[in-house]
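Please put together the full structure from these sequences, using the hints given.
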Amino acid sequence: MNEKILKVLEQNAKATPLQLATMTGVPVSEVKETIEQAERERVILRYKTVINWEKLGNERVMALIEVKITPQRGVGFDALAERIYRFAEARSVYLVSGTYDLAVLVTAGSMHEVANFVSQKLSPLEGVQGTVTHFLLKRYKEDGEILDGKEESHRLAVAP
Amino acid sequence: MDSTRTRKQLIADRVAGLSPSGIRKFFDLLASLEGVISLGVGEPDFVTPWRIREAAIYSLERGYTSYTSNYGLPELRKELANYLRCLYSIEYDPQGELLITVGVSEALDLALRAILNPGDEVIMPDPCYVAYSACVTLAGGTPVPVPTTVENGFAIRAADIESRIGVRTKALLMGYPANPTGAVLTRPELASICDVATKHGLIVISDEVYARLVYDIEHTSFPCLPGARENCILLGGFSKAFAMTGWRIGYAAAPREILEAMTKVHQYTMLCAPTVGQMAALEALRSGENDVVAMVEDYNQRRRLMVKGLNDIGLACYEPKGAFYAFPSIAATGLTSDQFAEKLLNEERVAVVPGSAFGSCGEGFVRCCYATAVPDIEEALRRIERFVKRHRMP
Chain A
1 MNEKILKVLE
11 QNAKATPLQL
21 ATMTGVPVSE
31 VKETIEQAER
41 ERVILRYKTV
51 INWEKLGNER
61 VMALIEVKIT
71 PQRGVGFDAL
81 AERIYRFAEA
91 RSVYLVSGTY
101 DLAVLVTAGS
111 MHEVANFVSQ
121 KLSPLEGVQG
131 TVTHFLLKRY
141 KEDGEILDGK
151 EESHRLAVAP
Chain R
1 MDSTRTRKQL
11 IADRVAGLSP
21 SGIRKFFDLL
31 ASLEGVISLG
41 VGEPDFVTPW
51 RIREAAIYSL
61 ERGYTSYTSN
71 YGLPELRKEL
81 ANYLRCLYSI
91 EYDPQGELLI
101 TVGVSEALDL
111 ALRAILNPGD
121 EVIMPDPCYV
131 AYSACVTLAG
141 GTPVPVPTTV
151 ENGFAIRAAD
161 IESRIGVRTK
171 ALLMGYPANP
181 TGAVLTRPEL
191 ASICDVATKH
201 GLIVISDEVY
211 ARLVYDIEHT
221 SFPCLPGARE
231 NCILLGGFSK
241 AFAMTGWRIG
251 YAAAPREILE
261 AMTKVHQYTM
271 LCAPTVGQMA
281 ALEALRSGEN
291 DVVAMVEDYN
301 QRRRLMVKGL
311 NDIGLACYEP
321 KGAFYAFPSI
331 AATGLTSDQF
341 AEKLLNEERV
351 AVVPGSAFGS
361 CGEGFVRCCY
371 ATAVPDIEEA
381 LRRIERFVKR
391 HRMP
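In order, the protein sequences belong to chains A and R.
With the first letter of the first sequence counted as 1, position 76 gets the number 76 in my numbering; the numbers rise by one all the way through.
With the first letter of the second sequence counted as 1, position 114 gets the number 114 in my numbering; the numbers rise by one all the way through.
Just so you know, these hints were derived from the structure itself, not from any lab.
Check the hints yourself; a few may be wrong.
Said to hold, decoys possible - Here are the simulated DSBU-like cross-link-like pairs (lysine-lysine), alpha carbons at most 30 Å apart as the crow flies:
| # | chain 1 | residue 1 | chain 2 | residue 2 |
| --- | --- | --- | --- | --- |
| 1 | A | Lys7 | A | Lys138 |
| 2 | R | Lys308 | A | Lys48 |
| 3 | R | Lys264 | R | Lys25 |
| 4 | A | Lys14 | A | Lys138 |
| 5 | R | Lys264 | A | Lys14 |
| 6 | R | Lys170 | R | Lys264 |
| 7 | A | Lys4 | R | Lys308 |
| 8 | A | Lys150 | A | Lys138 |
| 9 | R | Lys308 | A | Lys32 |
| 10 | A | Lys121 | A | Lys14 |
| 11 | A | Lys14 | R | Lys389 |
| 12 | R | Lys170 | R | Lys199 |
| 13 | A | Lys7 | R | Lys308 |
| 14 | A | Lys14 | A | Lys48 |
Remember, predicted model here, so these are calculated numbers, not experimental data.
Below is the structure:
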């Protein structure tokens with residue numbers, strides 16, 4: 001699979017097959033095939049847009065929740081992780097090394113909603129030993145994009 | 001007293017006789033316009049990778065603010081020797097064969113001043129980088145341009161060089177990958193040039209500042225050719241490969257005798273390159289390779305976009321294999337390079353550089369830099385397309 005095509009798409013999901021073909025020097029037909037195959041095999045999971053909601057005054061709450069759990073016989077952490085990631089509130093769920101086991105990223109409309117989710121859904125689950133909730137205070141960089149204070153070009157318009 | 005006469009007396013003939021760079025006059029025009037997309041730049045659009053900047057800041061915090069050795073920081077020269085060995089399998093002794101300079105610009109000036117006697121001739125391709133001819137003149141030499149053509153991909157040919165060699169010919173000065181054409185010489189082409197230079201005892205000044213920016217082809221460093229090293233002054237820098245133009249750090253690599261002479265000029269005129277820049281360059285050599293590879297891939301994508309776009313518009317553009325310039329022919333419009341650049345700027349707000357700024361053989365072409373964000377390249381191409389439609393020769 002041509003990774004160059006995927007790398008361009010990862011940065012710009014709107015790039016057309018023709019643009020991709022020109023930029024990577026690969027025939028259009030092969031670009032289309034690569035994309036179809038990648039979608040089919042779930043190498044491409046989804047095309048998304050990175051949005052700075054704060055600019056619209058949209059106060060969405062994000063929290064990183066540390067979850068300590070007891071691994072279960074035969075399935076380890078996976079079964080409990082699945083019970084957690086099936087909740088729509090859980091945006092991302094990672095198994096991590098260190099002092100806790102699962103890192104759960106939660107988005108909700110308010111702090112109250114996050115608190116409810118943790119106290120009523122997450123904590124009571126069998127196998128969950130404890131949780132620590134960190135509310136996100138400020139986003140500096142999202143998916144490789146600096147939200148504010150992105151470096152501007154200071155180049156002269158014409159130079160030798 | 002007549003004012004022209006006063007000026008003539010004030011300024012040395014050598015300087016008064018230099019014509020100002022053809023690029024300069026666009027500054028004024030540009031300043032008065034808004035919404036211009038510039039394809040007229042000659043530098044990367046990347047900011048220096050943060051790890052390099054961070055290392056420079058740290059060096060300031062630790063107090064590295066004094067002079068360095070005239071030759072440059074010993075660690076930097078050692079890393080540079082390694083770098084050249086890894087890239088081109090060529091050996092330069094960090095003690096006496098490598099000199100850190102204030103950009104390749106200073107290195108070029110030093111090389112010319114170190115080797116030229118008044119009236120010595122220096123052969124160079126036409127078109128070429130704007131400073132070559134002026135630097136030769138300022139060093140007391142005489143520039144001898146060798147025409148190159150689009151049919152040969154703007155590669156200077158050994159036979160053309162040989163036909164211009166006379167008793168006063170001292171050196172050949174060339175820069176490949178080339179600004180403004182993006183031309184790259186193949187190893188066989190370089191080998192025949194090397195044969196001619198050796199046969200006639202020419203010193204070859206090889207400006208390889210764009211060496212890392214080549215696409216789908218390998219760069220051959222001139223001194224790597226058999227027998228080339230002894231008469232070659234290799235010039236290189238950090239500006240283009242590591243996006244470090246403003247730091248002003250370059251280097252020269254040459255056999256001991258030549259490098260000593262260059263260092264003599266350097267120690268009296270410059271003393272040493274800025275220390276903070278040298279610290280940044282050191283970090284670039286130690287950890288910047290991944291950044292270089294990523295930037296080259298990025299340039300390559302934009303290069304294809306630009307070259308295809310220009311050809312689709314009807315501005316015939318051969319495939320440039322290096323640097324970050326496309327050099328399309330504007331013959332379809334019947335305009336001169338100067339007219340084209342000026343009208344395009346005024347009518348469509350796109351800045352390009354007229355090919356004539358780089359020598360008479362650049363007439364009929366314009367330089368378009370593709371070190372510009374993809375959406376800007378696409379918009380610039382749309383504007384150029386409108387412009388060409390309006391001005392197409394009947």
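Outcome of the hint check:
1. Using a Cα cut-off of 30 Å, the hinted pair A:Lys7 and A:Lys138 holds, with the two alpha carbons roughly 28 Å apart.
2. Restraint check for R:Lys308 and A:Lys48: the C-alpha separation of about 29 Å stays at or below 30 Å, so the hint holds.
3. Among the hinted pairs, R:Lys264 with R:Lys25 is inconsistent with the structure: their alpha-carbon atoms are about 35 Å apart, more than 30 Å.
4. The suggested pairing of A:Lys14 with A:Lys138 holds, with an alpha-carbon distance near 28 Å, which does not exceed 30 Å.
5. The straight-line distance between the Cα atoms of R:Lys264 and A:Lys14 is roughly 56 Å, outside the 30 Å bound, and the hint therefore fails.
6. Restraint check: the Cα-Cα separation between R:Lys170 and R:Lys264 comes to about 20 Å, which is no more than 30 Å; the hinted pair holds.
7. Our distance criterion of 30 Å between C-alpha atoms is met by A:Lys4 and R:Lys308, whose separation comes to about 19 Å.
8. Simply put, A:Lys150 and A:Lys138 have alpha-carbon atoms about 16 Å apart, close enough for the 30 Å limit, and the pair holds.
9. Straight-line distance between C-alpha atoms of R:Lys308 and A:Lys32 comes to about 19 Å, which keeps the hinted pair within the 30 Å bound.
10. Distance hint between A:Lys121 and A:Lys14 is unfulfilled; the C-alpha atoms sit about 38 Å from each other, more than 30 Å.
11. Straight-line distance between C-alpha atoms of A:Lys14 and R:Lys389 comes to about 28 Å, which keeps the hinted pair within the 30 Å bound.
12. Restraint check: the Cα-Cα separation between R:Lys170 and R:Lys199 comes to about 13 Å, which is no more than 30 Å; the hinted pair holds.
13. Among the hinted pairs, A:Lys7 with R:Lys308 is consistent with the structure: their alpha-carbon atoms are about 21 Å apart, no more than 30 Å.
14. A threshold of 30 Å between alpha carbons decides the hint, and for A:Lys14 with A:Lys48 the separation of about 10 Å falls inside it, so the pair holds.
Hint check: violations occur at hints 3, 5, 10; the rest are consistent with the structure.
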